[in-house]
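Chemist: This is what each chain is made of:
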Amino acid sequence: MRRWLPFAVLAAAAAFPLVARPLGWDFYIGFASRIMIYALAASSLNLVLGYGGMVSFGHAAFVGAGAYTVAVLMAEGVASAWVAWPLAVALAGALAAAIGAVCLRTRGVYFIMITLAFAQMIYYIAVGMRAYGGEEGLNLPTRSQLGFGLDLKDDVTFYYLVLAILAAALYALRRTVGARFGRVIEAIRENETRMDAIGFPTYRYKLVCFALGGALAGLAGALLANQNSYVNPNLLYWTQSGTLMIMVILGGVGYLYGGVLGAVALLVLEEVVSGYTIHWQLGVGAVMLAIVLFAPRGLAGLAQGRRDG
Amino acid sequence: MAEALLRVERVAKHFGGVVAVDAVSLEVAAGEIHALIGPNGAGKTTLVHLLSGALAPDAGRVLFAGADVTARALHERVGLGLARSYQVTSLFRGFTALDNMALAVQARSGSSLRFWTPVASERALFDEARAVLGEIGLAGRERVHAGQLAHGEQRALEVGLALATRPKLLLLDEPMAGMGPDESERLIALVDGLRARVGVLLIEHDMDAVFRLADRISVLVNGRVIATGGPEEIRANAEVKRAYLGEEQPA
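The listed protein sequences correspond, in order, to chains A and B. This note's numbering runs 539 ahead of the 1-based position in the first sequence. This note's numbering runs 7 ahead of the 1-based position in the second sequence.
These aren't lab readings, by the way, just hints derived from the structure by calculation. Quick caveat, the model's predicted, so the values are computed rather than measured. From the three backbone atoms N, C-alpha and C, an ideal C-beta is built for every residue, glycine too. Where hints are given, some of them may not hold.
Claimed, not checked - DEER-style ranges, computed between Cβ atoms:
1. B/GLU83 x A/SER768: 38 to 44 Å
2. A/ALA656 x B/PRO125: 55 to 61 Å
3. A/VAL695 x B/PRO125: 47 to 53 Å
4. B/GLY185 x A/ALA551: 49 to 55 Å
5. A/MET660 x B/GLU83: 30 to 36 Å
6. B/VAL25 x A/THR645: 38 to 44 Å
7. A/MET660 x B/HIS21: 36 to 42 Å
Using the sequences provided together with the hints, build the complete structure.
Modeler: Spelled out as C-alpha cells, the structure:
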C-alpha cells in the first residue's frame, strides 16, 4: 500500500463530520463511529489470527468483557472513562490471558473449538447476570465522562475520539509487528516447531499476543458500549466472533489494515444491501464468496498486489 | 577423551508396542564429531528428538554440559547450547534468508518482548546473521525468500539456523539428504570447520562423508547401539558389516 494512502484516509475521516454535520447526516456520523469501533475489534483479532496465526473463534468474549465492564461500572455509578476504559482493557486482557493459557496448549481445530467453548461460557455468564439485565441487557444512562470539557454524548466528539483511538491503535500495531515481538509471532505462525528449535519459548509469546489482542478487543468493547448506549449478551455470542473473523478474512489476514478494510467493507455492504432486501445476508454472502475465490488475501492483499513468497 | 559434553544414559522410547529407541547410551565430547549411522528405521531420528527435547524419553537420562536436561524443553536446551537441524527441511519459507538467520540470532540476544523499536534498526542482529550466512556459503542470497532458494541452499540454511544459535553441540539429522555432490562437499567442509569449536552428533547416510568427518562412529540398529569406535574400528567390525555396511558395500 502506498505510504501516503493511510494519511489521506485519516485526513478524509477527520474532515467527514465537518461535511456531514451541516448536511444533517448525523446518522452517518454514528455509523462511521460504529465502523471504526469494529475496525478496532477486527484489528485486535487480526493481531492474534493474522499475525500470530491463532485461529481464535472466541474473540467476541473480550469485546463483550470490555463493554460489560463499562456498563456495569456505570450502573454502579462510575461513569469516568478514565476509570472504566482502562479497567475494561485490563479485564479483557486478563480474561484473554487466562483463557489463552488453557487454549494455547492445543493446536489446530481443537484450538478453534476450545476458544469457542470458553467464549460461550462467558456469554452464559453474561446471560446469568440478572442484576445487570441478564438476557435483556443493560441500558447505559449516559456515555462515559472524559472531562476536559469534552462531551461524548455529542456524536461528533465521540466520533473524533474513536478516530483518534483507532489511529493510535493502528500505529501501535504497526510498531509492534515491526518490532522484535511482531517478528517472533509471525515466525511462529510460519513455523512454530522451528521457532522452538532455535530457542524461542513459543507458548509464552503466543500467550502475550493472545492477551494483547484480548485487551485491545476490550477497548473496542468499551467504545461499543458507549456507541450503542446499551449492552446485551449478544455482544458475546459466537456469531459476533464469526463476524469479526469474517471482517479479518475479508480485509486481509495478517495485513496491518486488514481489520479496518474488512470492517468497512462488511458493515457498508450490510447497510447498502439491507436497504434493498431483507435477505441482505444472501448478498453479503455472495460478495464474501467472490472475495474468497478471487482475492484469497483479502482486500488488503488485492490492494497490495502480489507479494513474494 | 575429555569429560563428555553430551552424555546419554540408557534412554528409551517406544510408540505403542514398537520400541524405537532401546536403552541407548552414548557420549559426545566437546569439539568431537560423532557420527551416528544405521539403516532406515533404526531409530536415529527418534533419538535426535529425545536428545533435542522434542520428545520425552520413557526411560533414561540426557546430561548436557554436566547438567541433567531430561526434563528440559526443546527451547531451553537450545538456550543451554544444544541445537538441532531437521532431516526434513524446516525453515521460515516466507522470510528472506537473512531474516531466517536474524531470528536465530535474536533468540539468544536478549528479550524479544520488545514492542516498539523496529527490528530492522537492530544492526547487530543482521550483522551476525550475515556472517553466518557467509559461513554456510549463502553470501549474496540474503534477500531471497527461503522458500525460493535452491534445494541445496535450503539444506545449508537448515544447518545454518542451528549454527546461528551458537551451540556447543549440534545435532545434525541427515544434513546432506538430497544434496548434489558439490553441495555435499561444501557442507562437509563446513562441518569439518566446526571441529574443535562445536561438538557434532552427525546422523548421515552418506558413508563417504561419515568416514571423512567422524572422530568416532556409533552404529544404531533396531534402536540399539551395537558398536561405537573410531572409523577404522567400525569398518572392521563384523557385526556392523553384517547389520549395515554390507548393504552398501558388498564384499
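Chemist: Now look at each hint and say whether the structure bears it out.
Modeler: Verification of the hints:
1. B/GLU83 x A/SER768: 38 to 44 Å: 51 Å, violated
2. A/ALA656 x B/PRO125: 55 to 61 Å: 38 Å, violated
3. A/VAL695 x B/PRO125: 47 to 53 Å: 35 Å, violated
4. B/GLY185 x A/ALA551: 49 to 55 Å: 54 Å, holds
5. A/MET660 x B/GLU83: 30 to 36 Å: 33 Å, holds
6. B/VAL25 x A/THR645: 38 to 44 Å: With Cβ atoms ~26 Å apart, the hint is violated.
7. A/MET660 x B/HIS21: 36 to 42 Å: 39 Å, holds
The structure is inconsistent with the numbered hints 1, 2, 3, 6, although it conforms to all the rest.
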